[in-house]
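Participant: Okay, here's what each chain looks like letter by letter:
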Amino acid sequence: MKKLLFALMTTAAAVGFAATAEAQEKLKACWVYVGPIGDFGYSYQHDQGRLEVEKELGDKVETAYLENVAEGPDAERAFERFAREGCKIIFGTSFGFMDAELKVAGKFPDVKFEHATGFKTAENMGIYNARFYEGRYVMGQIAAKMSKKGVAGYIVSFPIPEVVMGINAFMLGAQSVNPDFKLKIVWVNSWFDPGKEADAAKALFDQGADIITQHTDSTAALQVAEERGLLGFGQSSDMIKFAPKAQLTSNTDNWGPYYVERVKAVLDGTWKSDDVWLGIKDKAVLLSPFTNMPDDVKAMAEAAEKKIADGWNPFTGPIAKQDGSEFLKDGEVADDKTLLGMNFYIKGIDDKLPQ
Amino acid sequence: MDITVNILLTIATAATPLLIAAIGELVVERSGVLNLGVEGMMIMGAVAGFGVAFLTGSPWLGLLASVVAGAMFSLLFAVMTLSLATNQVATGLSLTLLGLGLSGMLGTSFVGQPGGRLPYLYIPGLSDIPVVGKLLFGQDPVFYLSIALVIAVSWFLFRTRTGLTLRSIGDNHASAHALGIPVIRYRYLAVMFGGACAGLAGGHLSLVYTPQWVENMAAGRGWIALALVVFASWRPLRVLAGAYIFGAVWIGQLHLQASGGISVPTQLLSALPYLATVVVLVLISRNKRLTLTNTPAALGQSFVPDR
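Chains as they are written, first to last, in numbering that gives the first Met the number 0: chain A, 0 to 354; chain B, 0 to 306.
Hint data in this document are derived by calculation from the structure and do not stem from the laboratory.
Just to be clear, a hint being listed does not mean it is correct.
Said to hold, decoys possible - Computed list of lysine-lysine pairs in DSBU-like fashion (alpha-carbon distance at most 35 Å, straight line): (1) B:133 with A:147; (2) A:87 with A:280; (3) A:306 with A:271; (4) A:148 with A:87; (5) A:297 with A:282; (6) A:144 with A:263; (7) A:240 with B:133; (8) A:306 with A:144; (9) A:263 with A:282; (10) B:133 with A:244; (11) A:336 with A:305; (12) A:147 with A:263; (13) A:148 with A:305; (14) B:133 with A:144; (15) A:54 with A:87; (16) A:181 with B:133; (17) A:263 with A:305; (18) A:148 with B:287.
Note that the structure is predicted; figures quoted are calculated from it, not measured.
If we strip away everything but chain B, and leave its shape as in the complex, we get (with noise of 0.2 Å):
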């Protein structure tokens, strides 16, 4: 039983970087903004947390800054592709190049440091229930955040007008526009949105899953959590599944190599996001009104007002 319980636990932790960054980037692409740059704020996220929780001894304030960071970076990306309409595919691809190299140089002199952990929740007597105790009220801080964002992001896209009017500028920006809808504004706010995610789930990296700075540690982390976007057709709970599942595929590979049992190609494996991606858009393009109900019509394309 412990080992159920510990494999269960091992998932979370590997599934909780994807879900948190891929749930922003769902919020950005839904408003009709397409940004490449998650692995970027994301590694900015990770270096502004540990270099905080470092420098101040608190891991809670590293994972304040890892959201700022990562919102701050987005805001980089918001000015050029929103008040300067250039390319957002090209921008978002230098996002990603710039905070790569930008983390290093800020964290060169955190490499070789160990850095502070944010600690496991404990609540006496609820955490020790056998089994239960440890996945419902023993994980990391981070854990219950990304749960409660996929509920709120939901409820907020589907729930209320605002994320109505969200959709709405995401399907079709010029009639929003004529409608009065300040698109721009909207956009601005949900870029910033996913960029904190995608630093959190920066700073979740390197204060929860693997407590260290090192460069590019977030090793195409944010690529997944792009493809996740599509795999989950732009909803929610969607990709609430999806970051379980590939994380379950990737932990579950890992102890069938390790108990000596069928050995799977694990080359193969690590090219499932992808390949699962490019399977969920096949399907989707073959059925006309999946694409029309969930793909954001208006998703790339530059918005410059007329008048």
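If we strip away everything but chain A, and leave its shape as in the complex, we get (with noise of 0.2 Å):
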């Protein structure tokens, strides 16, 4: 009886390593995502990047990704886990994630870790970033050129530098076309509340706008937008499929290419920590195609998104801030550390903005 078990166990030994020598053949990479997967927007985009990963890497790799982890210490788990399990590198995919993974980071030195959005790095933790603003620069534009009243509504979360930052971005894109626009901003504290959105878009609707955007995930203002036969841009992902007749273009992430390469550096054993930016030229943020416009606005707004990806920041001066005082000189661009702190509206926005 001790032999049989004894040859059991052996077997059960032998099988188990068989399994981790051919896990080991292919490389393990894991995502960590603050919102479920099926949120149609930021965590639904991060992995759609995770989905083009193994599309290209194919054999080479295998990929696993946990949803829904809240933000803050309890995230260590998370990446604690995944370490363990054998991830060769892991994404963490949200601001909150920073010093948990951070931790983690410490502990695993032979791990890659790569944190987006935020600003702390390691010998074996990269940050990466998308310059979202470039893209609402461009609907700004469009914005200005196809609101009849000159009133655009804008329903934003909290106000955090990215957002803010957002809203400098489209007023200037605006004001490069109208100089006399004007937004209306509304708070619904929620990056996340479809209801509360459509609530938002109408309030706005009523309130005079006729054109709306959005910094929260949802496509709720948006159908509010196509229900009452106005316009509107999409956020995260392309949302034409919900507003065939509103959607101007929408703004979305596209991280797959970024994580491809990532991925691959590691296979190739070049990967180094950085800290990276990416933009309309990198093509981590994408317009969706133009619609719902003549064409002399998608030629001028076919041009603003070259003249981006060409290497022209929007916050290029001169641009005052909203009490009037100077921001940045003529021709004077503002640096990223700056955009990463922004806390003011810039001069022609009609609201406080919420300390």
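Reassemble the complex: the two chains are provided individually, in unrelated frames, and hints are given to aid placement.
Facilitator: Structure (structure tokens):
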């Protein structure tokens, strides 16, 4: 009996060993998401990037992900679990994972870590972000051309630099077409609540806006625009299916190319900790096809997109702050640090920034 | 004038899911059962409603499916708490967690798909009357259902013998049992009615309010509905008033923001339903008589018949 047991155990061990040996041939790449991949927004787009890695690198990789991971210290468990499970590269896709990820990176020097939208790095932890404001500048130009009343509604979540930067970029785009353009801003205090976003869109339209844009994740606002026969912009994903007559374009995240490049770098052994802020030029920010607009507006939008892809920064002076004081001198370009800490409106925005 | 009508219509849409879920939970709590799974049942209703509407092309079938899904899901809670006498608070919470996860799984293939929307009511002539026409005869069908539900529940609880029996069970299940009333059967039906209502509220979300499916789209409305029941001190007409007050405050502040008027801290307003509930709880607990007349005395207690 004892012999039989021993035989069984050795077989099991051998099988187990074979399984790990096989797994080691494939590189394991792992993702940690803050929301559900079914949000059709931020986390959904990251997951599309993961799927692109699977598609591009095929047999060489296997991927795994954890969704709905709460930000803060609790996220540590998610990263630690992945590191122990043999992930060779782990992507943390939300700002609030920063400290937890950094801590786990310290414990596992052989594992590569990548953190989206943060600012702390380590030898084995790089950071990446996307310049969504570039797309918003183009959207602002389109809005100013397409709006009959010269008023756009803007639905926003929380007053963080990323969001404020987006509002300012949109307004800069609009002002470049119509200096008297007006922006009505509504804060809904949530990244994701379709009902609230729809309510906010209705309120903005009732208050005189005829174009809507949002820095929240759902399609709700655009659906309201469609229903009322007005116009709007998508966010994160191409939302044309929800608003075939209302969507002008959508500011979409496209993480795939970056993910493929970084996983490849691990495969080749050339991975190094980096700090990148990708934009239209790198195809990390993609404007979905320009629709529901006349050809001249489309041509203008394409020209703006190209200008930005060629290296022009929408935050190029002269730009004044809301109170009239100088923000950028003529020809001066805002550096990344200023943009990432932006906590003021530019001139022409008639709203008080909540502090 | 147009803008006032639009504001009122927006308030009605925002208040309807809260009202329906709360009126269902009110009946459940009046029978002495505390079901904290409203959010879970609501989201199950939302995914079932969207799914059936998407697959069959009929939003009406979708609405029916959301009601059935809510009732079936609540049956799970009923079996656990009523037949197996598990703790109601813990079971209700797990029902919510289960609902959120299960709906996400079931809904994977619906993400990013535009769904069907329930048509608005339109009666030629009546709906075209300025101002009142749209408000009275031009809303979505679920709105009318919600008002009918409040009236029906109010009449049932306070004007019928069965309603009286249900309330007596909620106040003292042991005595009701001694009188030969089938306590467990009543409670089963009450819980399933609550589930059906929560499901319907979810169907309103995914078929009327924002016709789409995304995970976690109820976004806490089930919890507000639970707070509303306490806020209304278990009275149907007060639930109606409460739902519309919360809706009006929320929509009102959006308009304040959009018009560039006085800015109110929006974080505070998001917390308002819960703050209001706490205030009401404090007020009613100061008044002994009020507490005794309205709060179901056996609320949350498990009932195991001893013979």
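Participant: For every hint, state whether the structure bears it out.
Facilitator: Hints, verified against the model:
1. Only pairs whose Cα atoms come within 35 Å are accepted, and residue 133 of chain B paired with residue 147 of chain A is accepted, the gap being roughly 26 Å.
2. The straight-line distance between the Cα atoms of residue 87 of chain A and residue 280 of chain A is roughly 29 Å, inside the 35 Å bound, and the hint therefore holds.
3. At roughly 30 Å between alpha-carbon atoms, residue 306 of chain A and residue 271 of chain A fall within 35 Å of each other, so this suggested pair holds.
4. As the CA atoms of residue 148 of chain A and residue 87 of chain A are separated by approximately 54 Å, the hinted pair breaks the 35 Å bound.
5. Taking the CA atoms of residue 297 of chain A and residue 282 of chain A, the gap is about 19 Å. The hint holds against a cut of 35 Å.
6. Distance check on the hinted pair: residue 144 of chain A and residue 263 of chain A sit about 43 Å apart at the alpha-carbon level, beyond 35 Å; violated.
7. A hinted pair counts as satisfied when its Cα atoms are at most 35 Å apart, and residue 240 of chain A with residue 133 of chain B qualifies at roughly 29 Å.
8. Our distance criterion of 35 Å between C-alpha atoms is met by residue 306 of chain A and residue 144 of chain A, whose separation comes to about 18 Å.
9. With a C-alpha separation of about 18 Å, the suggested pairing of residue 263 of chain A with residue 282 of chain A holds against the 35 Å cut-off.
10. Our distance criterion of 35 Å between C-alpha atoms is met by residue 133 of chain B and residue 244 of chain A, whose separation comes to about 25 Å.
11. Of the pairs offered as hints, the one joining residue 336 of chain A and residue 305 of chain A holds, with about 24 Å between alpha carbons and a cut-off of 35 Å not exceeded.
12. A distance of roughly 49 Å separates the Cα atoms of residue 147 of chain A and residue 263 of chain A; the hinted pair therefore is violated under the 35 Å criterion.
13. Distance hint between residue 148 of chain A and residue 305 of chain A is fulfilled; the C-alpha atoms sit about 28 Å from each other, no more than 35 Å.
14. Pair hint residue 133 of chain B plus residue 144 of chain A holds up; C-alpha atoms about 33 Å apart against a cutoff of 35 Å.
15. For a cut-off of 35 Å, the pair hint linking residue 54 of chain A to residue 87 of chain A stands: about 18 Å separates their Cα positions.
16. Using a Cα cut-off of 35 Å, the hinted pair residue 181 of chain A and residue 133 of chain B holds, with the two alpha carbons roughly 30 Å apart.
17. Under the criterion of a C-alpha separation no larger than 35 Å, the hint pairing residue 263 of chain A with residue 305 of chain A is consistent with the structure, at around 28 Å.
18. Distance restraint check for residue 148 of chain A and residue 287 of chain B: the Cα-Cα separation of roughly 58 Å exceeds the 35 Å cut-off, and the hinted pair is therefore not satisfied.
Checked against the numbered hints given earlier, the structure breaks hints 4, 6, 12 and 18 and satisfies all the rest.
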